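Undergrad: For this one, chain H is given, so just place chains F, E and C on it according to the hints.
Protein chains in written order, with numbering that gives the first Met the number 0: chain H, 0 to 101; chain F, 0 to 743; chain E, 0 to 501; chain C, 0 to 171.
Just so you know, the hints here were simulated from the structure itself, not pulled from any lab data.
As the structure is a prediction and not an experimental result, all values here were calculated from the model.
Just so it is clear, CB atoms sit at the ideal spot from N, CA and C, and this is done for glycine as well.
Among the hints, erroneous ones may be present.
Stated by the list, open to error - Chain F is faced by these chain H residues, among others (derived, beta-carbon under 10 Å):
#, residue
1, Thr4
2, Val32
3, Val66
Said to hold, decoys possible - Below, computed lysine-lysine pairings styled on DSS-like, alpha-carbon distance capped at 25 Å:
#, chain 1, residue 1, chain 2, residue 2
4, F, Lys33, E, Lys446
5, F, Lys177, E, Lys446
6, F, Lys177, E, Lys109
7, F, Lys643, E, Lys297
8, F, Lys613, F, Lys177
What the hints assert, rightly or not - What follows is a list of derived Cβ distance ranges for each label pair:
#, chain 1, residue 1, chain 2, residue 2, range
9, F, Gln67, E, Lys297, 56 to 62 Å
10, C, Ile14, E, Pro71, 39 to 45 Å
11, E, Thr356, F, Arg611, 56 to 62 Å
12, F, Pro647, E, Ala38, 28 to 34 Å
13, F, Thr639, E, Ala449, 40 to 46 Å
14, E, Asn30, F, Ile73, 45 to 51 Å
15, E, Val67, C, Ala109, 41 to 47 Å
16, E, Asp29, F, Pro647, 36 to 42 Å
17, C, Ile14, F, Phe738, 49 to 55 Å
18, C, Gly148, E, Leu458, 58 to 64 Å
19, F, Tyr723, E, Arg456, 51 to 57 Å
20, F, Ile73, E, Glu352, 27 to 33 Å
21, E, Ala21, F, Tyr737, 51 to 57 Å
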Amino acid sequence: MPEVTIDWYIALSVILFTIGSLGVLLRRNAIIVFMSVEMMLNSANLAFVAFARHLGDLDGQVLVFFVITVAAAEVAVGLALIVAIFRTKKSINIDEMNLLKG
Amino acid sequence: MNAYSLAPLLLLFPAIGVLFNGLIGRRFVEADAKVGERWSGWFASLMAIGSFVIAVLLFLSLQANEFQAMIVPIIDWISIPSANFYIPWAIRVDTLSVTMMLVVTGVGSLIHIYAIGYMHGDPNFSRFFTYFSLFIFFMLILVSGSTYLVLFVGWEGVGLCSFLLISFWFDRTNAAGKAMNADAGRKAFIVNRVGDFGMILAMFLMFWAFRSLEFGAVFNTAVEMFEQGHVVEFGLFSAPIGTVLTAITALFLLGATGKSAQIPLYVWLPDAMAGPTPVSALIHAATMVTSGIYLIVRSNVLFELARESGPVIFGVISTPDLVAYVGAFTGLLAGLIAFTQFDIKKVLAYSTVSQLGFMIAAAGMGAYVAAMFHLVTHAFFKALLFLGSGSVIHGMEHGHHHLHEHTHDDHHGDGHHEEAPFDPQDMRTMGGLRHKMPTTFWVYLVGALALSGIPPLAGFWSKDEILAHGNEHALVVYVILAIAAVCTAFYMGRQLHMTFFGEPRHAAAEHAQESPRLMTTPLIVLAGLAIVGGLLNLPYLTQAMAEANHNHPAGIFLGLEGWLEHSIKSFELSEEGILHLPHTPIVLSPVVAGISTLLAVLALGGAFYVYRNKPETAADPDPLQKLKPLWWFRILPFETFYMKFIVPPFNWLANWLAFAVDWNFWHDFVHNNLIRDMFVSFATFLADVFDKFGVDGTVNGIGSVTKGLAGGIRRTQTGFARTYALGVFLGAVALLAYFLWVLY
Amino acid sequence: MSILLTVLVFFPVLGVLAILFADRGKGESDNLIKWIALATSVITLIISVVVLVSFDTAVAGLQLVDRVPWIPSWGIEYHLGVDGLSILMILLTTFISVVAIAASWSAIDKQIKAYYIFMLLMEVGMLGVFLAQDLFLFYIFWEFTLIPMYFLIGIWGGGERVYASIKFFLYTMAGSLLMLLAILYMGITNGTFSVPDLIAGRAAFADAQHLLFLGFAIAFAIKVPVFPFHSWLPDAHTQAPTAGSIILAGVLLKMGTYGFVRFNLPLFPQASFDYAPAIAVLAIIGIIYGAIVSFPQKDVKKLVAYSSISHLGFVMLGIFSLNAAGIQGGILQGVNHGLSTGALFFLVGVIYEQRHTRLMSDFGGLWKAIPLFSVLSLIVVLSSMGLPGLNGFVGEFTILLGSMGAESLGTHPWIFTAFAASGVILAAVYLLWMFQNVFMGPLDNPKNEALRDVNTRELLIFLAFLVFIVWIGIAPSGYFNLMDSSVAHLVRDISSTVIVGQ
Amino acid sequence: MGNPIIFLLLAIVAIGAAVGMLTSHNAVHSALYLVLNFVTIGVFYITLNAPFIAMVQITVYAGAIMVLFLFVIMLLGAEQLRGVTDVKGGERVHRAVAGLLAAVLLLASALLLFQSDAPEIAAAAIDTSPTALGLRLFAGYVFPFEVTGVLLLAAMIGVFVFSKTKKRGQDA
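Excised from the complex, chain H in its bound form:
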């Protein structure tokens, strides 16, 4: 039976990250885009924890802590934004949000 090494976790992390990034690139539902971002963050977290375990160092876990906090903040602001935009545009289609157009 092969030993589960750090590589396995990294691979899983990369796969999840890729799926998340595809979600960001392909979906137009702003909420789902956000969820995808969350997933990307989670994949990074997974990698961190795996590294922490691998290196026998707590710093990785501490960093996960911060990431979660940032993610929470981001979700809060992001969702508030979405709600606000939905109020004015009656839509959360991310392609209709083009105020940044040059």
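TA: Frame of chain H, contents of chains F, E and C only:
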């Protein structure tokens, strides 16, 4: 008898007066004018009288304790341990300060009572008495302080009160619509500040030289350092003690010229007459203006040391001599200007300046006792004269009112005078008042004769002491002062005649009425003092008397001399005795006294002759106007100089600096035009060049590329979030690729 | 270790949060917000009094220190502490904040919530500046104070508020950048940003101290403002709302003078000594120039603004006397200026609120219409003028006394003193002119007859000012005592380091 | 670092949930898939000797954040919004590029992984109790911790501001 510990009450009483009138006095007056005024005025007067009682107790204490100077601490005012700077707030009770306290509170109380009558009916009655009590408070701080700094607190404080009281009727305007009372008050304050500037500099120098501001400590250190010929050193500065002392005393002189209205700073005092008359009497004749003399007398040790240091100022003159000359010239100049005045109070104002010049000259000559003697007697008779003039003005205003009330059924007023603004202080509108206001006339006569130096009134003795001293020690000063004394007699004669003799020249004068008892009683008391004031320091009439009593200069003979000796001679104890304090002549000098009496009588008589029937009407020119050179003094002196050469350039400079330099140049031009606009134009310049480059490049095909590129780039700015995300990932992947490339 | 100072600095943040939670929108909770802000500032004042009570005047060094590593790799610390140089500034700040908030009560009628939040944040920044003992932390607080003030001027200011606020911001910002460079240089060469540590190790940058001095000095000189850098002041002062002016004059300008005392003198003693005559000359030009320029102003507020230049000149002169009297006088005069000028701005604000004009020509004879207000104003004016018995005199006198004996001013220090003392005359000239034009003369403008006298709130604010104006005037010893040990230590430190005649 | 079988099972569940989230037409379903994904990852954390993080993962992510998501979805009634299927002209390019990128990402990661010379053997298990974690956090990360606090505060204020505008808009 030991009442030293009561000394703080001296300040407490007037402070209570301030609080009473300042906080609740107004309500009293508003509630019931008649009762309120009585409460407000009498309360303030009682507080002044209370202080007077304390001063008397202190006087008795000194008598009982062998004139021992005493320092009564109140609080620790400023203390900065690391700078070694300690200023306690303490009262110095010695013969000199008690003399001043007695004058201030004694004359002050009388004027308070007078003012109750004079200010009757003024809507701001209680405000007036608030200021009055405040003035007494500060004046007592001035004379009672045991350090120069506390003296300075009073010094500035009385300046403030002077400002407030001069501009008491701040809404009065003159014909040109200028707020003249407010202007006069402001002028007084500012000119005084010029003097204060000298005072504070002197104090700084003194502190660093002697490490103290306390009178006793300063004098002792100064004498000690002087005897040892020390060089004063502080910081990197060093100078011989003589120079430092000269500088300190010269700066004190500047202070004294401000407060005591001497050349060149006397200009504020005549304007100060815009204030209510009791103010002129109390502040601008009897007390505040004498604080300069008090300062010099108090610092007599320093002045005498400066005299010993020799002619340090430009190598020609020592400070005490300078003081004497300043005093003498002021005495003469102001005497000459007084000839040309028509305002009854302005004549007195210039007369005050002139008399203050006498005192300053006496102090400068070293005749400190004579200076104080004249200060005291002058307080009596000048207060009397001012209050008398106030009584005259009051009477004239009364007459004027009377006239107004009866215009319809009475034909006294001729139309001309009715329309012209009536000035109750103009002597040309008076005349013949001796019948209308007999009490005022008699007391005024006493005052005028005392001022002119007619024996045996108070003024004669004190002025004669100064003149005798001048005759002995400084002949130039004597001559100048003698001429000034003649002037004094002449303008007083002129004033007497124009006011009280002849015929009324205005309807108001015909209807003038005697002032109420409340006002005349203080006048009578003061007149009594002006008559017997000479007893304070009566010289021995013959050499034999002097020798017989030489060691006991007390009793009625030379009482003040013996009394003040305990404050003024203090430093004479110096071992080598190199410092000699010139004393007041002990024996009456018949020659000097005879000459001045003769001249005074002649001048009075001359004035009565010149003005015997002139001016006939209010519009007539003054007989002296024919004497062109004399009449120039009306316009020529320092006032004109300041108004022409100091004030307009200052205004111009201020405007130029404020609007041209600071605003237009520095604010607008440098900051807005140079810095900001240059930045903006630099940016525009860059943009233009870039633009031009682009336009030129179009020709070469570069432009179109740029444009296309720009358009292309612009197209990437779709505004679609997902496109941007794609960009981010592109970047991420590129980075990844780069790492891979690095790895392999 | 004590967290008292941390509590003091950040307490107003609680007020900000409370305001955020209390707001129900649409102006319903305006009164509640005002009360919260006032209560917060009053409690902060009380905390500062607790600091005062715990303060030991015998100790020269820092007290109540709160010191923890912050960014250890750079030697940056969170380091608060108070000593004799800053204790008065702390009390001044908390006092002025209360007064400023109370003074805005009826003057501010738009965006109330934001206004009070900015006021409280301002207080945090100012307290931080005076308490920070780590240069990096200091710099952060220093710059932080700009932001609330920028908005206070820019949103609630007068007609040209945008111009004034941008100018204020850019001007002070530009000066600070050089200071940042100097801070970074010292911090990186010494591996610490802690002020006491840097002072102990100042030998390390002694060669560069003249340049470093200038880096700090320009930032502080702009804030003070020292003479040629004063151009932002009249704009900021005249455009700011009343409370903004009070804070600006009361506290912000003191940050500059405090900076000189706290950083320039102990960190670069030789440079301070060498530059002292030059700075003293600028200070004296400021005294005279400020006073002369004040005189012809038509706008009362601008007059007061320019007078600040004159007053602050005294403070600078005192500080660069480099002796105990001068520095103590300088610090105390800073407080005095905060009180008197703050009160002057307040009184201008009170009449502006009613008449919507500040031109002297629109007034005159106000004493007749509003006597109580006029008397209070008179006392304030006299305090600003330096009348003995009131606070201004004590400060000016001590400063001039110090300058007269200053070694740093060469062999003829009396020349400096004499010129500076002429400011005393000029102060009387412009202040009395202003007083006469506004309060004296005939009451000839009918609009002024309708003015109301002070109401209870205004009276209380005035009395708060007057209590200290009189207190410092007649019993300044307690105030000097607070700073005596620290200043004595500083002066000894300087004089033992400086080589005269280098 | 855990049993390979368990790892593979969990990995399949995690990837499956992720793909499910990506492809669901219904936002609510997406969210539920994501919850599943998060829970799985939480289990991974346990196997990785990080119990505290696992706990946080479950409570904060799977609990709080996802509830928030669901709440918003319900609030907006947005579960019926268009999914990935409707393709417009430009969309193809977009998808192609996205796919390409994903491929490159995976490939590159794989390459990196197989080339890595990191030690295969993991270090000994260490104390990962919440106490240890907390000590570590406050010993070395005080400043970031504070910054995070400020960030949360900023986020909070931001949310306040947004919700405020909305409320006014409603009232008006």
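Undergrad: Now tell me if each hint is right for this structure.
TA: So, going through the hints one by one against the coordinates:
1. Thr4: The hint is violated - Thr4 of chain H has no Cβ within 10 Å of chain F, the shortest such distance being about 19 Å.
2. Val32: holds (8 Å)
3. Val66: violated (17 Å)
4. F:Lys33 to E:Lys446: With a Cα-Cα distance of about 32 Å, the restraint between Lys33 of chain F and Lys446 of chain E is violated, given a limit of 25 Å.
5. F:Lys177 to E:Lys446: Satisfied, since the Cα-Cα distance of roughly 20 Å is no more than 25 Å.
6. F:Lys177 to E:Lys109: violated (42 Å)
7. F:Lys643 to E:Lys297: holds (24 Å)
8. F:Lys613 to F:Lys177: violated (33 Å)
9. F:Gln67 to E:Lys297: 56 to 62 Å: holds (59 Å)
10. C:Ile14 to E:Pro71: 39 to 45 Å: holds (42 Å)
11. E:Thr356 to F:Arg611: 56 to 62 Å: Once the Cβ atoms are compared, 59 Å apart, the range 56 to 62 Å for Arg611 of chain F and Thr356 of chain E holds.
12. F:Pro647 to E:Ala38: 28 to 34 Å: violated (55 Å)
13. F:Thr639 to E:Ala449: 40 to 46 Å: At 42 Å between Cβs, range holds.
14. E:Asn30 to F:Ile73: 45 to 51 Å: Since Asn30 of chain E and Ile73 of chain F have Cβ atoms about 47 Å apart, the given range 45 to 51 Å holds.
15. E:Val67 to C:Ala109: 41 to 47 Å: Holds, at about 46 Å.
16. E:Asp29 to F:Pro647: 36 to 42 Å: Given range 36 to 42 Å: violated, Cβ gap about 53 Å.
17. C:Ile14 to F:Phe738: 49 to 55 Å: Hint violated: Cβ distance 25 Å, outside 49 to 55 Å.
18. C:Gly148 to E:Leu458: 58 to 64 Å: violated (43 Å)
19. F:Tyr723 to E:Arg456: 51 to 57 Å: holds (54 Å)
20. F:Ile73 to E:Glu352: 27 to 33 Å: violated (41 Å)
21. E:Ala21 to F:Tyr737: 51 to 57 Å: holds (53 Å)
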